[in-house]
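Just so you know, we're using the working numbering here: the sequence shown kicks off at 1 and counts up by one.
Among these hints, one or two may not hold up.
Said to hold, decoys possible - Label pairs and their computed distance ranges (CB to CB): (1) Arg46 with Arg76: 32 to 40 Å; (2) Val37 with Leu162: 33 to 41 Å; (3) Pro92 with His181: 48 to 56 Å; (4) Glu89 with Ser177: 46 to 54 Å; (5) Arg15 with Arg45: 39 to 47 Å; (6) Ser177 with Leu83: 36 to 44 Å; (7) Pro126 with Ala36: 13 to 21 Å; (8) Leu163 with Pro91: 32 to 40 Å; (9) Val44 with Pro78: 41 to 49 Å; (10) Leu159 with Leu41: 23 to 31 Å; (11) Glu89 with Leu66: 21 to 29 Å; (12) Ser177 with Val16: 48 to 56 Å; (13) Leu41 with Pro91: 32 to 40 Å.
The hints are simulated quantities; they were obtained by calculation from the structure and are not laboratory data.
For each residue, glycine too, the CB sits at the ideal point set by N, CA and C.
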Amino acid sequence: MNHTISASTAADSARVLELSDLTSQLSIIALGVLCAVFVILAVVRRRPGALAALAAAGAGSVLSYLLSEVLKMLVRQPRPCHLDMPSPECPPLDDWSFPSNHAVIAFGLALAVIVGSRRLWIVAVPLALITATGRVLSHEHFVHDVVVGGLIGIIVVALTVLLLQRALTPLADRIVSVVHHEPRATR
1 MNHTISASTA ADSARVLELS DLTSQLSIIA LGVLCAVFVI LAVVRRRPGA
51 LAALAAAGAG SVLSYLLSEV LKMLVRQPRP CHLDMPSPEC PPLDDWSFPS
101 NHAVIAFGLA LAVIVGSRRL WIVAVPLALI TATGRVLSHE HFVHDVVVGG
151 LIGIIVVALT VLLLQRALTP LADRIVSVVH HEPRATR
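Generate the whole structure from the sequences, applying the supplied hints.
Below, the structure is given as structure tokens:
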């Protein structure tokens with residue numbers, strides 16, 4: 001009987017791991033789709049300021065990911081799945097845990113969604129939290145990996161928007177004008 005319970009528990013654990021991984025991936029995809037929708041809406045609604053902010057948020061997401069990769073190479077923290085319960089599903093030994101790239105991207109994209117529409121924080125924040133929670137439940141990250149990853153995503157994206165939005169607005173204005181076939185103003 002104990003053998004049956006162990007097999008059932010192992011199968012249930014495997015399902016939880018698969019579901020955690022799937023939900024964390026799907027929530028990032030949903031955040032990316034929302035960002036793309038806001039980019040399209042900014043162009044269609046002739047809102048170059050919003051387009052510039054979203055472009056800056058996208059650049060910030062890339063920068064936050066790069067920073068996360070540098071930190072991974074410097075810290076070189078093994079993943080919990082290598083320490084707790086080695087399995088074939090666990091990433092390679094040289095694929096480090098700290099910080100969580102998924103959390104970096106999820107929280108960076110969540111902030112980009114909020115830049116697109118402040119009211120959608122109620123959707124964006126839970127999606128980012130689903131990603132972070134899924135990474136911990138799948139034993140691919142420690143809690144501190146996703147907390148620091150989330151902070152990196154938020155801070156870098158926020159700073160990038162603050163620093164680049166104004167500079168990107170003329171380019172965004174030009175893009176909106178071209179899409180709507182508006183003549184370019186002569187100076």
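Outcome of the hint check:
Between Arg46 and Arg76 the beta carbon distance is about 48 Å. The supplied range of 32 to 40 Å is therefore violated. The hinted range of 33 to 41 Å is not satisfied by Val37 and Leu162, whose Cβ atoms lie roughly 23 Å apart. Separated by about 51 Å at the C-beta atoms, Pro92 and His181 satisfy the suggested range of 48 to 56 Å. For the pair Glu89 and Ser177, the supplied restraint of 46 to 54 Å holds, since their beta-carbon distance comes to about 50 Å.
Separated by about 44 Å at the C-beta atoms, Arg15 and Arg45 satisfy the suggested range of 39 to 47 Å. Range check, Ser177 to Leu83: Cβ separation about 55 Å, and the 36 to 44 Å hint is violated. At roughly 19 Å, the beta carbons of Pro126 and Ala36 sit within the given window of 13 to 21 Å. Look at Leu163 against Pro91: about 33 Å separates their beta carbons, and that is inside 32 to 40 Å.
Checked against the hint of 41 to 49 Å, the C-beta distance between Val44 and Pro78 comes to roughly 47 Å, which is consistent with it. Between Leu159 and Leu41, the C-beta spacing of about 24 Å keeps the proposed range 23 to 31 Å intact. The supplied range of 21 to 29 Å is met by Glu89 and Leu66, whose beta-carbon atoms lie about 27 Å from each other. Range check, Ser177 to Val16: Cβ separation about 51 Å, and the 48 to 56 Å hint holds.
A C-beta distance of roughly 36 Å is found between Leu41 and Pro91, which places it inside the suggested range of 32 to 40 Å.
Violated hints, in rising order: 1, 2 and 6; the structure is consistent with all others.
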